[in-house]
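**Q** Each chain, written out:
There are 2 protein chains.
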Amino acid sequence: MNNDISESLQNLINAFTCLPSVGTKTAERYAYSVINMSEDTVKFFADSLIKAKETLHYCKICGNFTDKDICNICATRHSKVICVVKEPKDVRAIEKSKHFQGLYHVLHGTISPLENKGPEDIRIKELVDRVSNGDIEEVIMATNPDVEGEVTATYIAKILKPLGVKVTRLAQGIQMGSDLQYADEVTLTKALQDRREL
Amino acid sequence: MNNDISESLQNLINAFTCLPSVGTKTAERYAYSVINMSEDTVKFFADSLIKAKETLHYCKICGNFTDKDICNICATRHSKVICVVKEPKDVRAIEKSKHFQGLYHVLHGTISPLENKGPEDIRIKELVDRVSNGDIEEVIMATNPDVEGEVTATYIAKILKPLGVKVTRLAQGIQMGSDLQYADEVTLTKALQDRREL
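Residue numbers (the working numbering), protein chains in the order written: chain A, 6 to 203; chain B, 6 to 203.
FYI, nobody ran anything at the bench for these hints, they're computed from the structure. None of the values given here were measured: they were computed from a predicted structure. Be careful, since some hints might not be right.
The list cannot tell twin chains apart, which means a pair is met if one copy fits it or any two copies do.
[To be verified] List of simulated lysine to any residue pairs, SDA-like, C-alpha gap at most 25 Å: (1) K48 <-> I99; (2) K30 <-> H104; (3) K30 <-> A176; (4) K94 <-> R200; (5) K48 <-> I145; (6) K166 <-> G139; (7) K30 <-> M42; (8) K30 <-> K195; (9) K122 <-> D184; (10) K56 <-> C23; (11) K56 <-> S43.
My request is simple: use the sequences and hints to build the entire structure.
**A** Shown next, in the form of structure tokens:
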């Protein structure tokens, strides 16, 4: 403990450093801002932390975070399309595009030999069950376009195709609003291969 | 409320956006990381927030944050030098340099006509009282080297000098480890004016 600051302030700074990419400087900034917040705001902040941790768990169907048994999306949407993503925050990202009205399936990871993660360590079995039991027509693989994401997508496609379901992959190509000259070679090659008629 | 995420998660995201320079994206990242923390960590986090807000207040002498009547520095250090800063986090910054063993005085702001802040809105009176009553030999003005900081330093110096105390200002010049070609003109001028013999 630094003797120039009191224990409760040091504890708060330590707590903030538990957040991703928050170092001491940022944690200090956050901590000092908390002292200047109203008492109600701080109480709301603390309550939100406890409540989120207490109530949130995986949706029984899709694996997204929810505070009910079944998440809002699984409970209200009737769709024959499942979008498969790596993490709950990917659901958030796709929902924000507002152009997908189907269901989701969160894998909570990808196949990664480097991290010693095999197919049985992520929620593939649950996906196969969903496809086998329901009348799903299409599964969109929306894992990240990196090595692990590609491997996982290919692996899952191989398992699902025999079940008679269409398996697709998110389009890969140059980013909207980007500059062609800065696109990397792999992306450009992919964009050329997958070119479409206008 | 977005219907794709549950209320408790949305509340947590909202809470994080109360922190300085935290937008929705960062708040989401923080919120998801909280769900993956252990229950103990989350409890510690929430407790730290509440406790810091509850227990921290201004030190009766220097104005820094403390959970006692008088802060650790005022209680333990015997010095005839006071370093005057704008905010509590400035105390932290100077303490980290480990080259100052004196006392502090936190103004909690600077004179700023733009923000309608006059000398009576910051803790100048308390500083004058300290200098008048104690046997202080030197007051170091460590307000920021911007317009408000300079004005405040000059104003305070004018009041304190008649009390027979030495008033100094932190040295201004080119930053250690920086590159001369990128130094701005005002800084270079200051560095030339205040050059010292080797």
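**Q** If a hint holds in the structure, say so; if it does not, say that too.
**A** Hint-by-hint comparison with the structure:
1. K48 <-> I99: neither (32 Å within a copy, 31 Å between copies)
2. K30 <-> H104: Between. Shortest inter-copy distance 19 Å satisfies the 25 Å Cα cut-off; intra-copy 39 Å does not.
3. K30 <-> A176: Result: close only across copies, 23 Å inter versus 40 Å intra.
4. K94 <-> R200: For K94 and R200, the Cα distance exceeds 25 Å both inside one copy (29 Å) and across copies (55 Å).
5. K48 <-> I145: Neither way: K48 and I145 sit 41 Å apart in one copy and 38 Å across, limit 25 Å.
6. K166 <-> G139: For K166 and G139, only the intra-copy Cα distance (15 Å) is at most 25 Å; the inter-copy one is 84 Å.
7. K30 <-> M42: both (19 Å within a copy, 21 Å between copies)
8. K30 <-> K195: Intra 41 Å, inter 28 Å, cutoff 25 Å: neither.
9. K122 <-> D184: neither (36 Å within a copy, 47 Å between copies)
10. K56 <-> C23: both (18 Å within a copy, 17 Å between copies)
11. K56 <-> S43: So K56 and S43 pass the 25 Å test inside a copy (20 Å) and across (13 Å) alike.
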